[in-house]
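With chain A fixed as given, assemble chain L onto it according to the hints.
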Amino acid sequence: MKKLLTGNSAISLGVMLCRAEVISAYPITPQTTIVEELSEIVADGRLKARFIRVESEHSALACVAAASAAGARVFTATSSHGLAYMHEMLHWTSGTRLPVVMVNANRAIGSPWNIWCDHSDSLSQRDTGWIQLYCQSAQEALDTVIQAFKIAEEVLLPVMVLEDGFFLSHTSDVVDVPEQKAVDSFLPPFKPRFKLSPEEPHTFNIMADPSMFINFKHDAQQAMNQAKKVIGRVDREFKTHFGRGYGYTGNVRLTDADVVLLTMGTAASTALEVVDAFRKQGKKVGLCRLRMFRPFPSEEVGRVLGKAKKVAVLDRDNSLGAGGIVAQELKAALYGAVQKPRIFEFIAGLGGRDITPQDIGEIFNYTKSHSSPNGAPIWMGIKK
Amino acid sequence: MKKKPVKKKTALKKPAVRSKKPVQPKTSLPPMSLSFDGTLATKTGTWRYLTPAYLNKLAPCNEGCPAGEDVEAAMVLSGQEDYIGAWEKITQENPLPRVCGRVCFHPCEAACNRKEYDEPTAINSLERFVGDFAFQAGKRFSPPAEKKNEKVAVVGSGPAGLSCAYHLASLGYGVTLFEALPRLGGMLRYGIPAYRLPKDVLDQEIDQILALGVEPRTNCRVGKDVKWEQLKKYDAVFVAAGAWRSLPLRVPGEESAGVMSGVTFLKKVNSGEPVDLGERVAIIGGGNTAMDAARSALRLGAKPLLIYRRTKEEMPAWEEEISEAEEEKIDFIFLTSPVNILSENGKVKEIECIRNLLGPPGKDGRREPRPIENSNFALPVDSVISAIGEAPDLSFLPPEFQKSKDTLPVDEAGATSLERVFAGGDVVAQPRTVSYAIGSGKKAAMAIDATLRGRNAAEAIRLARWGEKGSLSMARYRSGGGDGIAREVVRFTELNTAYFPRQARKPGEKLSSKERTKGFSEINRGLPPAAALFEAKRCFNCGVCNLCDNCFFFCPDLAISARPDRQGYEINYDYCKGCCICVEECPRGAISVEVKK
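Note that the protein sequences, when read in sequence, are chains A and L.
Note that this note's numbering numbers the first sequence so that position 369 is 369, with each residue one more than the last.
Note that this note's numbering numbers the second sequence so that position 318 is 318, with each residue one more than the last.
So here's chain A without its partners, still in its complex pose (with noise of 0.2 Å):
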């Protein structure tokens, strides 16, 4: 049935589609619409589960963790700050292989305080295990939010969906929210392999000696290996059952690109009207939208940018010290391939700053017009 929904009640209704058994979350903006959300959907019966208030982000995910090591199918939502004091849970969660879902709506890190949007929050996370789908849209948002549960119990590595704060979460959408059986039929009841369980009593996370750590870790990185495949079937499965798909990537008119310009999340909308807008006016530009961070797409963006000569990477972050986080994996990701494009290096719309078409615009000109980068990145908006 079509709805016109914000990102954040997109999500609610995904989770509520997927049968989720445990919530746990602290408000934080612009998530706590989900929450809220969630907890009439469980108050009013629409959805039987356990929502559970909590003192702290780090509660809500050691709480909801602690669910799914019982066999629950787990929700939990935050941002920013909340993400942040998460960290510990994070690398518990990822390290015991519980398949909780989460989304982050994807809000700066203070100080200065701020709300709004950029990536910082969750690529400040990026090496704690979990996989990161970024999202474009309300309606990606909740599809993400049926494919992660199905992702996550099948390769049992937490999933974290990514909806930019604001952009996504607080602006409506006509959404196709999908019916109860459909999505029953798509995904079945998580049924893991060892639970906490007075019936079968185990220690979960007992001490693993230098002899077997490795091991565990090994394992970890095999399964997000195994992920990388998995998430592209779901997507398949998800395209057959639902009739939509989205890729590890989203490829607008990369074939024939002299300059392909790669993001995450909503700046990808606005990107999409400037490159039609200049194929319009006859220039060569594409665009590339990252949806999938982790496990990293490396042979397929050197599949796809493989033919590009420029490729601009429009970071809506940045690690100080070094550059945009993004277009540092995609320069790791492309150093051993063949045929490699120039990558031009662009940091814009951090603490929730519009990433306007004339940014974009600027970023295809600049990107055409020099041959190769200057060696850093360039911020965009800031007076020289």
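Take these hints with a grain of salt, some might be off.
Stated by the list, open to error - Cβ-to-Cβ under 7 Å is the rule here; a few derived chain L residues that face chain A:
hint, residue
1, 39
2, 42
3, 379
Said to hold, decoys possible - Residues on chain A that point at chain L, a partial pick, calculated with CB under 8 Å:
hint, residue
4, 156
5, 202
6, 205
7, 217
8, 219
9, 221
10, 224
11, 225
Everything labelled a hint here was simulated from the structure, so no lab data went into it.
Beta carbons are placed, not taken as given, at the ideal position from N, Cα and C, and that holds for glycine.
Positioned in the frame of chain A, the structure of chain L alone reads:
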């Protein structure tokens, strides 16, 4: 160089070193690190360097009770509505819970940790409730398990004598209780007015003690009706003759008709003898006897005027007595001393007084009154009651007793200078209260039992102490001090008050001041059952496990479980990793930390 023998060469062979290759699991790993032997395989106890242990402590109320009651245990049981159990705990130590529940000055409440939080628990009212409840339920003292051959003479049947007689009878001794007056009870009967302690309540508690086989000898004054020499046939004697001799006012006219001591007045009133006070009566003094006399006079229809040489601040009477006297609109004249009592036609006509100022503090820390010259004034009165203090009358004791001026000296076991003669109550130097008297009677019973059983009395008494304030436990005495309760007193700061909502104390029910001055009806009506239970549950249960399950819920290692007897918990040290959350979360400080493996 000699060739090494083959055998030795073999022995010197390098021991096999561990393979440098990392150990590879034989089968594939589970996704997460987990045990396959159940949770018991991980003995987290090996991590421990702090060790929590259940260690019941002493509640400050127990330490503060001069009668040595196990207040704490009684409160725990009352909180479970086991009032009979509570009565048994109390009467193990004190045979007069209904009396004490009415007249004790409750130092337990002054020591109560709850006073640091909101208001002390209503221990005194609960004692009364428990005593009345058990009496109405038909509970009586159990006869002694075994009879002993020895017999003990108890001189005086006030609270000290009754307590000693009870404990000795409970231990199986034959007890003869000598009383100079016609009825038993001492000051409980003849000193305390019925509006504070109804006589039927006293009779019922005394009857219970007599039912244990105690032989009463009333109207039998030692030194007169029976010679001291005759007591020598007893195996031991306990002297608890009280302090009945009123101190003289030392003013002219003191001998006139219409002037009497507070003790004499109260004795008459409490015996039902008619007393003619006239209309206006001056009561001299600021202690409890003065208050009781003034309030009794009021009930007899007189207009009492209380004259005290210092101010209200220095009055030795209990606060409750003073405030109740004020409620009853008794007139107080402070900073005033009598100097002369004038009579006319053999009847008191007026009392001449002098005004005082307060000078520097005296020996007892109270500021001393100093008369103001030429400030004399006269008050027309019909009678005068002098209640400026009492002293024991020790004249009945033979000269071989070592005596001091106003008291009979005793050692720490309550022993006098004569062998097998002990003393307690108001004849010895101790605060003159019912509960102290009861405590000293118990102490003497312990000392007599220890002496007659050939043990060191002082040592036995030391082992029976509740705390450091001298209160003694008969339960502890009987078990030789090994009842498992530590002597350490739990202080307020050791409690986790987060678990206790702030709650106002339930006041006991009282007759209105208008209603009560009509006669000698009991003023305090005690706590209704719901309020009693509320107060019992309000008790912090300091230092004593009351099975609240908090430790059980909090232990992150599930190392705490209920003891098989369900009377407490036990810690499985194979799994206790020493986080001591149980210690922190115990609301009442009943778990301690030991710094060792």
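### Query
Honestly, which of those hints from before does the structure not fit?
Of the numbered hints given earlier, those the structure breaks are 3, 7, 9, 10 and 11, listed in rising order.
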